[in-house]
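**Student:** Position chain V against the provided structure of chain Y, taking the given hints into account.
Here is how the chains run, residue by residue.
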Amino acid sequence: MKHILKPLAVATATAIGLTGAALAQDQIRIGVSYPTPTHAWAAGMNWHAEQAEVRLEALHPNIDLILVNSPDPASQASALEDLVSIHQIDALVILPFESEPLTDPVIQVRETGALITVVDRGLSQPGIEDIYVAGNNPELGRVSAEYMMTRLGEGDNIVILRGIPTTIDNERFDAFMETIEGSGINVLDSEFANWNRDDGFEVMQDFLSRFPDIDAVWAQDDDIAIGVVAALEQAGRDGDGMFVVGGAGMKETIRAIMDGNELVPVDVLYPPAMIATAMDVTVAAFTSNGPVSGRYILGATLITQENAADFYFPDSPF
Amino acid sequence: MTELSTPAASKSRTLVLDLKAAGPFVALTILVVIGYLLNPAFLSEGNLTNLLTRSAFIGVIAVGATFVITTGGIDLSVGSMAAVISGMMIIVMNSALETFGAGLTTVFIGCGCSIVLGLGAGLINGLLTTKGKIEAFIVTLGTMGIFRSLVTYFADGGTLSLDFAIRGTYRPVYYGSVLGLPVPVWVFIFVAICGWFLMNRTAFGRYCTAIGSNESVAKYSAIKVDRIKTLTYVIQGFCVSLATIVYVPRLGSASASTGVLWELEAIAAVIIGGTVLKGGYGRIGGTIIGALILTVIGNILNFTDLISNYLNGTMQGLIIIIAVWLQRGEWGRGKTTKT
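Top to bottom, those sequences are chains Y and V. Counting from 1, position 161 in the first sequence corresponds to residue 161 in the working numbering; the numbering is continuous, with no gaps. Counting from 1, position 248 in the second sequence corresponds to residue 248 in the working numbering; the numbering is continuous, with no gaps.
For reference, chain Y alone in the conformation it holds in the complex (with noise of 0.2 Å):
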């Protein structure tokens, strides 16, 4: 079925193509493709997507960017083929539900001759994308330990809550542990808290009915040191230079990191709006005069009282 259907598609939309390619000359079509929100950072995504399709349009009169956003990798693998069929895309910005199933897809739209760019989950194969846009887990963790190192020393003891055991997970953990290795720092010991605030209060509250003597915590995660911070106001543990590392970049903690909060005193960046920087290099790769491909790693930016507005999104949902 799927092949009598194939050069039957390829032929319509090539009958398609030329038209529209007569309507419009150099109208040039972005294909957006990113998951449907599941947790607050992916709502963050998708906002922040949306500002830049207004923003990119606006500034670029013949781009036409086209936001799609997919419940599952099956309805992305659609989206996809409707990006190619229907709007005829010029390229694609893609960032994959999960790896493996999208894998072929993308090479799919690729066979068009559209430019394609990956954000931050990799596919499973090297080599298919023109650009690739990702944030940096290994830096998170590395940012993080360097912060403790600032502010803790020889004897100083720390806790870690860990998110869900996967590979973004583990890159973090290990490149902390690396980084504090050596300092005297003592991490007394990590539990997974799943990037949830519920299991952030309750890993918390039973490391301080374990431990006495804690200095800090690495909660690597914003909503994890919700979780955190509620417990140690709970335990009334929240002073004496208590203080707690988050990560990702969420509003109410760079709100509070504004504010000057002496428990949250900076957070690390692993920022929701790379959708947007992976869209604007894209829309570069046809306006600017200057070579585009390749592979754009974020920094994990430490982000304190004196940056934090640089990351302040207020409207954001995340």
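Treat each hint with caution, since some may be false.
Over the 10 Å line for every Cβ pair with chain Y, so calculated as not near, a few chain V residues [unchecked claim]: (1) VAL32; (2) ILE228; (3) MET315.
Covered stretches of chain Y, as calculated for chain V (at least 3 residues, CB under 8 Å) [unchecked claim]: (4) 41-49; (5) 182-191; (6) 197-207; (7) 226-240.
No wet-lab data here; the hints were simulated from the structure. Just so you know, even glycine gets a beta-carbon here, dropped at the ideal spot from N, CA and C.
**Tutor:** Using the frame of chain Y, we list chain V on its own:
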């Protein structure tokens, strides 16, 4: 199963009942001893208070689930229901803030909203099951998905947060203490006593057991089966709303990840406690112990680094199975049961 266990119960009724009653308690005691041996801080006052407070959510929901399961039903929607009720409470209180200020009125409006929603959601589950003649598993699987996606929709995929002005007023409902015990523990105790009374000392409780044992016989015995079954779902909804009322002030937020898998924890607590999954036999006291066992397992795993974190799920699974085996196993019951 029913035909098998009834003659066994009549032969050595006292022995079987004792074991059923003691099983979960023995398991809990063993866990507490293990916890203490791993780290004496396990029995510190702070940790015990944390444990009791934490088990209050699942415990209160599980008391409701005991009624549903005893009548042979099941409610898979409780976790999602808790999430959507939390979300609605936060939205309602945030919007009431402008009119009524950050005082008790706003908090009461929020709690009232929670109870109305809980009773309503329970009624929908109950009526669809009884009047709609759809299996409870399917009805509540459906409402589980609906409630979960509604909270995601209300939160715009992100997190709903309670206004900080109201948090100050509402905070004591989770963090406050009365006579040395945190408020959620009192709620848990109150719900447990009411539930025990309802199950063991009223006609309603006997009807639940009768329907769960044999629905047709119950119907011929002039029990209003549909009404009783619907009521159990309404009680379940009410319990969820009570749990939500003490849950919201803890972190003041609700998102798509709120209450995930609470339904399975509640069902596990009920079964660990000795209630039979297919209905006909319900024990509120056991459910309370079951909820405590589940919380203690998580707590102990956080208290030790002897076991790889990746194996937490394995330990939980093993302990749950062993706890149920302690009360259901053939050991100690004699060989008469087999025949």
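**Student:** Please go over all the hints and tell whether each is borne out by the structure.
**Tutor:** Status of each hint after checking the structure:
no. : hint    : verdict
1   : VAL32   : 14 Å, holds
2   : ILE228  : 34 Å, holds
3   : MET315  : 13 Å, holds
4   : 41-49   : holds (count 4)
5   : 182-191 : holds (count 3)
6   : 197-207 : holds (count 8)
7   : 226-240 : holds (count 5)
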